Every structure is written in structure tokens, then in C-alpha cells.
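S.K.: Residue strings, one per chain:
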Amino acid sequence: MVLPAIWLGKLLSILLRLAGRNATSLPGKMALRLSPKLLSVLGAKLDRCVVVTGTNGKTTTSSLLAGILNADEPIIHNREGANLPQGLTTAVLQHTTWFGTLRRKTALFEIDEATLPLVTRHLPVKVLVVTNVFRDQLDRYGELDTTVTKLLEGIRQTDAVLVVNGDDPLAKHIALHSGLRYRTYGLSTHHAEITHHDQMRDGAFCMQCGHELTYSGFFYGQLGLYHCPECGFSRTTPDFAGTYNGHTIAIDEDELPQVEFVLPSRGLYNVYNTLAAISAARLCGMNANGIAVGLAAYEAPLGRMQGFQTTPPSTLNLIKNPTGCDTVLQAILSEPGQKAVCIAINDLAADGKDVSWLWDAGFEQLTQSPDIRVCITTGLRAEDMALRLKYAGYPTDKILTAADLDAGLQLAFEQAESLGELDLYVLSTYTALYPTAAWLEKKVTLDAKTPLYRTSVS
Amino acid sequence: MQRPLCIAHLYPDLLNLYADKGNIQTLVSRCQWRGIDVEVVSVPAGTTPRLSDYDLVLLGGGSDREQALVGRTLLSSQPEWKAAVEDGLPLLAICGGYQLLGEYYQLPNKAKVPGLSLLDLITEAGEPRLIGNVAISSEECGMIIGFENHGGRTTHSHDVLGRVKKGFGNNGTDGGEGVRYKNVFGTYIHGPLLPKNPALADLVLKTALEHASGNTVELEPLDDRFETAARKAFLERRIQLPEESVPAAQA
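Protein sequences appear in the order of chains Z and V.
Reading the first sequence from the start, the letters are residues 1 to 458 in our numbering.
Reading the second sequence from the start, the letters are residues 1 to 251 in our numbering.
Bear in mind the hints are in silico, worked out from the structure with no lab data behind them.
Predicted model, so just to flag it, every value in this text is computed and none were measured.
Any given hint could turn out to be false.
27 angstroms max Cα-Cα, derived DSS-like pairs, lysine-lysine [unchecked claim]:
(1) Lys232/V / Lys320/Z
(2) Lys21/V / Lys398/Z
(3) Lys21/V / Lys353/Z
(4) Lys232/V / Lys398/Z
(5) Lys206/V / Lys390/Z
(6) Lys390/Z / Lys21/V
(7) Lys390/Z / Lys232/V
(8) Lys166/V / Lys353/Z
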């Protein structure tokens, strides 16, 4: 009997919301405890289910896809990364009546790799996206590691069409071994770089035969133009090929005319997320118009690779601790082209008055990259940041400092422009973030009004 | 047959709360910029340090629990430590590492975590924590600036590293900050300590180089414009005090 479990779950959701709490997981957890079959009973009532899984980009990809699918019909979606069985159940319960019928018939679930085998058999999965599979240590002998095994186990319980990142040898491997129909997405080959700046994971080994993969180009991490000299396993031309150009992405799908979309969020990671969402939306039957409307509705969270259409273009990132800062630096460095960087460090209460953490963050990455042409430091601790860069080995003649935030941003744009319209990446601590975002917004407006002239850059 | 200057970083896996990396980077860079060969040895927890191999030992800060762990490891080799310090081993101890130099650290429940007993120094937990920007005036290297964050109140019978100009120092009451004994430098100041205090960094280096070679060492001056700018900005914005010059006798 599942009705009491449905009531319990719905009641808990109401109570938690009244108490001002976020009810993304607990109601489903308690309801499942009362009736372990609940998810399979409710799942059977769905018309179709779309699943997004993989290591990175699940939340962004599924949020983008939710925006697109919602433009067509209201869907069930487990937001906020609640991607375990209790999170899925909670999401479905929100759209279940007290009599146990579903008000919405399409569900979009972001599902954790380890959870996938536990839930897919209960759901009518029609489309399943694998964003990528990153691991710390790949198995050199071609044996499947646990993540890949779990993904395959979960996928094989469905008769879905797979949408996989074809630039990722691991995602491609999963597609080949799923026994299901699959479509690949990937970047246009001209985006590949011959040299590899990231620390190459101990990992580019062929999952089919165990031989080391060779690459004729890299996108980032293990994503690239791979080929196994031993067994012939290789990256093939993607079914959905993306060409990005600043703020837009053009999609080539089979023999169809190329379609261009505005990128909702900057950063190479987000180009992939957008590409995944568009490919999955196509398989769900969405047309270009619906996709464009859905993407336009998406808003990148403040300070997460937040793009500004300034001249030259700029991107804003929040930094507040060493780990987060390292991730941001990696994301910036994985972007193509030469760059200018502006780092705004404040030491007010909300930032943390102790700036020691700057010395635990890996700013050495900026030194190691050949692409960072200049670093401007600003904010109340601009000079501390400049000193940090000096000890990170960054050339001191390319470190410029202006403590006043307006002056610092101004200087950064002057530098980015004079060095040849370089993309500017702004990193900022919390209290400098809002003023910086406001400053950049203002510049977007001003730049739009100013008649565009560009000195030729050769 | 000059061997590289050997800096030992003790228990980086336990005591690395306040960016000790920055202190080590500063020492290493300031050697390299002068063409001095230097190597850093990380001594992980559970390993007994080989004191005679080191020219400088860096003991950082950790949480109370981690510090108790380190204390226990170090205690087994207390006599060696005592002898080495008396013999002039250069030792830079920060925050928790500073407290470990003493006889004990008394917890709020009055239980005493034993220290290395290298100095006549004790620490007692107190309320509130002493947190904030700090500036002290040192006879050897002018103004030393940074950040402090400690619950412990430390008292000792040795020379202090400096007199508090702003902040709390050893205990918030007697106006002293840190300790100086033979070649031991102890302090609550991090932020980290050395990058923005190049005079202190060089004094520590000079001490280590002299201990290693047995001769007087004069360090080449470096281009410290970034350091000077960072000090000036910090002193103006956060301390509201002017820079103090290093006494000529030391220069």
C-alpha cells in the first residue's frame, strides 16, 4: 500500500516548507522507508523520463535541459542536485496528488553514478545523457572500474537512447558497451589544441584493450581527439558537433542546416553542458526555436563563470577558499586563447579578515600557463595578492596593482584591450563581487552605446 | 663541497593550518634569488625527525587535536630536541608550533597537554579567542605584521620577538609577542608570517646559513618593492601606523 507513504511524504514536504526548510530529500527518504516500492510505483505512472548522469556538469546540464523541456510542457525535475533515490522520490511526490495520481508525466532526473543502477529499472527512461567520466586513476589494464561498471549496470536496465560525450573516451566506451542506440556530441575538431596544458591524468588508456591512447588534439582533461593504435577505438565525428565563438554555439546535426544558439554561460565546461542539453533536447523532439527559448531562460549563478558582453568580453568568478579558487583557475585556463586576469581581494568580515588562504591556493597555475599575459590585482588586499603572485613565480613586470576597485577594473580593461582585445577574467572575493558585477553591467551598457571601432589586430 | 641549505618542514600533514606553504616558499625563493642552494624536507607525522640533518626547522600550527598528536610524537625525542636547541638549531615555530615549545598547553578543562619543554614557557586556554590583524615592533627586524588567531595565553621568561603595537600578542595583557631564545623564533603571527616580513625572513635565513656554515653570513639585498608595497598598504589601511626602520646595527 503506497498511499500512506505518499501522504507521509507530502505532509513532510508541507511541514518542512512551513518551517522554512529546503525539502529536497527528507520527505522522499521517510516515504521510501514506509514503502520501499514507492519510487517504482510512481515511476510506472510516468510517460517518459530523461536522465542526466556523469561525473561533472550534471546539475548545469539538467538545469539547462529543464528550461528547454519546460518550455514545451511542465515537467518533474529534481533540482538543487538532490540526485539520490530520496531526492528523486521527493521531486515526484511534489507532483503527485493525495490520491496517488501524477499531475506531470515527464520527469527529468539528474542521477548520481552510484545511484543509477538502483533506480533506472523503475523508470521509463527514454533518453539518458552521460556528460563525462572523470576519475583520479584510470585502470591501465582495460578492466572496468567501479564507476564505469555502475553506469553500465544502470544504463543496461533501460531501453533508452544514449546521448554521450563522444570526446570523452570513457563515455564513448560506455556507449559502445551499453548494447543500446546512442548519439554522440562533441566539439568541432578545430577547437582542439595540440599541446596539453592540464596535468594529464594518469589515465588515457583504452578501455577496450588497455593500450595507451594517442591524441591528435586535446579539449581538456582526457577529452580530445583520441585514437587507440592497438584496437582502433577512436573518437568519431560527433552526431551533434558544436562550434563555439565567444557567446554563441553553432550546432551541426547530421545533414541539417547549422543552427546557432546564444551560450547561456561562459566557460568550456559550460559549452559542453550546453551541447549536452541541446543534443538531449533534440532527441526529445524539441526544435531549434524551443531550445533557444529554453536556453535564454537560464541564468548562471552570480560569479560562476558569469559572462559579460563588455568590450573585450569579461567573465566573473567568486573565489573564497583554496579549493574553490583552484577549480576556478583550472576552468579559466581550460578556455582557449590568451587572457588577462584581474584578481580582487578584500578582507572584510564576509571575505574573512585573514588572507592566509591566498597562499594555500594554487596561483602557480597562472605562472605555468603560457596564455596569461597580464595580472591586475585590486581590492583592499591588492598588494598582498601581488606579493602572492610574485612568490608564485609570475613575472613581476606583468603584475599591475590598483587597490581601488574601480581603478583596478579600469586598468584591467585597458590592459586587456591594449594587448589585443584579450578576454578578461575577473576573480573576486565576496564583498568585491557585487560591486564588480555592477561595474561590469554598467560597462556592458556603455560599450553597447559606444560605436564599435576596433583597431586591427594582427 | 657545499651542500644545500636543508629546511625541515615538520608534520605538514597535521600542522598546516595557516599557510605554512607561504613561509616555506618565501625562504626557498629568497635563497634561490641569491643563488643559494636550498632543499626542503617534509617530515610526515609518525616520523622521527633527524635533527642533526637540518639547518632550519619549521613547526607550524594545527588544531588542538592535531597538536596533541604531534606533541606525543615529539615527546619521545625530547632530549634530542633540547640538546639541539641549546646547541643553536634554528627553529621557527608558529601558532600551535610555538605553544609546543613550552612545558604544557592547559586545556579549558584544566587538563595539561605536555609540550617539548624546550623553553620556560606555558600556555593556558582562555576566552575569547584573540583574533585580528597584528603589528609588533622588533629590535632585530623592525615592524613585524600579520594576523593572529589563538585561544591560548602564553607567558614565558625569555626575550619576546617584539612589543605589541596593535593586536594582542602572547596573552593580550603583558604587551609582548612571540619568543626569541638562541636561534629559536616563536610567534602567533601568521598571514603567512614571512612573505610580508622580508627582514624577519632574511634574519631567519641568515641564522640558518650561519648555523650551517659556522661563519658570519651577509645576505645580498633583494628587490623588495612588492613586499614594501604590501607592508605599506597593510600598515596604512589596517594598523594606522608608520613603518619602523630596522636598527642600523643589525643591517
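S.K.: For the pair we were handed, Lys232/V and Lys320/Z, check the Cα-Cα distance against 27 angstroms.
M.R.: Status holds; Cα separation ~24 angstroms.
S.K.: For the pair supplied as a hint, Lys232/V and Lys398/Z, confirm whether the alpha-carbon distance does not exceed 27 angstroms.
M.R.: The given pair, whose Cα atoms are some 21 angstroms apart, holds under the 27 angstroms limit.
S.K.: Assess, step by step, whether the Cα of Lys390/Z is no farther than 27 angstroms from the Cα of Lys21/V, and give holds or violated.
M.R.: Roughly 14 angstroms between the alpha carbons, so the hint for Lys390/Z and Lys21/V holds.
S.K.: Between the alpha carbons of Lys21/V and Lys398/Z, is the straight-line distance 27 angstroms or under?
M.R.: Measuring from Cα to Cα gives roughly 23 angstroms; hence the hint holds.
S.K.: Take the C-alpha atoms of Lys390/Z and Lys232/V, compute the straight-line distance between them, and say whether it is at most 27 angstroms.
M.R.: Holds, at roughly 17 angstroms.
S.K.: Holds or violated: Lys206/V with Lys390/Z, Cα cutoff 27 angstroms?
M.R.: 22 angstroms, holds
S.K.: Is the straight-line distance between the alpha-carbon of Lys21/V and that of Lys353/Z 27 angstroms or less?
M.R.: 19 angstroms, holds
S.K.: Has the given pair, Lys166/V with Lys353/Z, been kept, meaning a C-alpha gap of at most 27 angstroms?
M.R.: Distance ~15 angstroms between Lys166/V and Lys353/Z Cα, so the pair holds.
Checked against the numbered hints above, the structure breaks none of them.
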